[in-house]
Amino acid sequence: MQLALFIIFGLLAVLGAFNLLAQKHPINSALSLIVVMMSLAVLYFSLGAEFLAAAQVIVYSGAIMVLFVFVIMLLNAGEEEHTDDSKVASIVGFPGAAAVFCLLTFVFLKEKATLGFSHLESALGGAVSNIVEISHVLFTKLLLPFEVTSILVLVAILGAVVLARKEL
Amino acid sequence: MVPISYYLILAAILFCVGIAAFLIKRNVITVFMSIELMLNAVNLTFVAFSHRWHQISGQIFVFFVMVVAAAEAAVGLAIIIALFRARQTLNIDQVDLMKN
Numbered sequence: 001m002q003l004a005l006f007i008i009f010g011l012l013a014v015l016g017a018f019n020l021l022a023q024k025h026p027i028n029s030a031l032s033l034i035v036v037m038m039s040l041a042v043l044y045f046s047l048g049a050e051f052l053a054a055a056q057v058i059v060y061s062g063a064i065m066v067l068f069v070f071v072i073m074l075l076n077a078g079e080e081e082h083t084d085d086s087k088v089a090s091i092v093g094f095p096g097a098a099a100v101f102c103l104l105t106f107v108f109l110k111e112k113a114t115l116g117f118s119h120l121e122s123a124l125g126g127a128v129s130n131i132v133e134i135s136h137v138l139f140t141k142l143l144l145p146f147e148v149t150s151i152l153v154l155v156a157i158l159g160a161v162v163l164a165r166k167e168l
Numbered sequence: 001m002v003p004i005s006y007y008l009i010l011a012a013i014l015f016c017v018g019i020a021a022f023l024i025k026r027n028v029i030t031v032f033m034s035i036e037l038m039l040n041a042v043n044l045t046f047v048a049f050s051h052r053w054h055q056i057s058g059q060i061f062v063f064f065v066m067v068v069a070a071a072e073a074a075v076g077l078a079i080i081i082a083l084f085r086a087r088q089t090l091n092i093d094q095v096d097l098m099k100n
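First to last, the sequence lines map onto chains A and B.
So for the first sequence, our numbering puts the first residue at 1; every next one is plus one.
So for the second sequence, our numbering puts the first residue at 1; every next one is plus one.
Since the hints were made in silico from the structure, they are not lab data.
A portion of the hints provided could be inaccurate.
[Stated by the list, open to error] Distance condition first, Cα-Cα at most 27 Å in a straight line; then the derived DSSO-like pairs of lysine-lysine:
| hint | chain 1 | residue 1 | chain 2 | residue 2 |
| --- | --- | --- | --- | --- |
| 1 | A | Lys110 | A | Lys24 |
| 2 | B | Lys99 | A | Lys87 |
| 3 | B | Lys99 | A | Lys24 |
[Claimed, not checked] Partner residues aside, some chain B positions facing chain A, computed with beta carbon under 8 Å:
| hint | residue |
| --- | --- |
| 4 | Ile4 |
| 5 | Leu14 |
| 6 | Thr30 |
| 7 | Ile56 |
| 8 | Val65 |
| 9 | Ala69 |
[As the list claims (entries may be wrong)] Covered stretches of chain B, going by a simulated chain A footprint (3 or more residues, C-beta under 8 Å):
| hint | segment |
| --- | --- |
| 10 | 34–41 |
| 11 | 45–55 |
| 12 | 70–77 |
| 13 | 81–94 |
Every residue gets a Cβ at the ideal spot worked out from N, C-alpha and C, and that includes glycine.
Pulled out of the complex, with its shape left as it was, chain B reads as follows (with noise of 0.2 Å):
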């Protein structure tokens, strides 16, 4: 017996973290990582929701974010490369092109 809205403060705690993290890091890597914890967090929403409503509908939402989540990480990582490619940094701030 657990309130449905632990788990959901709980999410809360991980996405913000992730929005942090998100803002605050300066390794490219670093910054598509906390992207993934903030899918990951809303995926904890939807899989408690689920749960509340016995709809089965949450939990292929959290399916579909997955493959998506696995397609996104294999082009932004590829992306990644070809970046430390052109520019031989992963620090977001030296990728400034098209700021000036």
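Just chain A, with the same shape it has in the complex (with noise of 0.2 Å):
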């Protein structure tokens, strides 16, 4: 169960990144990042992290993405062109980017054993949801960062007005 649900959307996680690489538009490139988003909801999901998988969909999906498919609709984003200095780098990101992931997989598939299997089972055992928790744990050991992100989120809304103004 649990490994079918892991096949179905990490492969619709893969395919969307991947078309998110392809894609010439950005509109295009933005709805198949929803997608990854989307998927990567369903995988928290079967982790046992329900919370984060709500916060995903409403956050990630629901805010960012808005946000970033406003963006492109205001500037009027058209199909990129590539000029011979996007040749260099194409020419450098792909090896680069596949030694990463040979690396990073070799390192995985090396300590299998150690890092054991998921069971579905005990983290959703006896229908208690972990947001009990985790709002414990944020609301009296980790108080004070949780109160420093809020004074974050208000200087990024002060600085994103200033920065949109029309004089800068």
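Can you join these two chains into the complex? Each is in its own frame, and there are hints to help.
Below, the structure written as structure tokens:
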């Protein structure tokens, strides 16, 4: 059951990511990134992180990607054009990314036995959501970082308003 | 029963596609989107490790990453709008004022 979920939504995420790379128009890339984020939300759920699955859908697919699509529409972004400089980037980019991937996969497969298996039953056992646990830690031990993030968001709002004004 | 290493390999695939898109794409908005893809891939490793060792702190770290990513997206897109007003282009090859 969990393996089937992993294969379906893992493949969907990988296909979405490669589609982001392959598409020329930014709006198509944005929509395939939404596919990646939604499949990742399902994978979070299968790992027993219900709160993060909901937050992923609401914050990433709901807020951030809508902002991206708004900006693409606002700036009327067209298809990207390639110049000679970009050929150098693709010559270096593909082997570099493949090398990083091979290194990471080698390490993960070597440590496969140590890393063990995921158990959906133990994660969702008792039908108690882990949101109680998260909020308890967030509002007691990590209260100061949580409050600091509110200041960060406030600064980000002010920064966005100032930067996007007509006369800079 | 899925090995945790498969989740990590999936995250590695997404991260490396993000690296490749970051280097190859020429549109500044798409480059910014590939950064979001890399952040998502790292979030998946955090959740997988948090599941493996039954520690809630990994999920809280993902929560903070999401907050910072939202703030970063707002400021970054405002910078992109300001850049487009100044240079009338979204192609990063044409934004080379400090190069020569």
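Against the structure, the hints:
1. A:Lys110 with A:Lys24: violated, 37 Å
2. B:Lys99 with A:Lys87: holds, 18 Å
3. B:Lys99 with A:Lys24: Holds - the C-alpha atoms of Lys24 of chain A and Lys99 of chain B are around 26 Å apart, at most 27 Å.
4. Ile4: Interface hint status for Ile4 of chain B: holds (4 Å vs cutoff 8 Å).
5. Leu14: holds, 5 Å
6. Thr30: holds, 5 Å
7. Ile56: Holds. Min distance 5 Å.
8. Val65: violated, 10 Å
9. Ala69: This interface hint holds because 7 Å falls under the 8 Å limit.
10. 34–41: Satisfied; 4 residues make the cut.
11. 45–55: holds (count 5)
12. 70–77: Check passed, 7 qualifying residues.
13. 81–94: Three-residue rule met by the segment 81–94 of chain B, so holds; n is 8.
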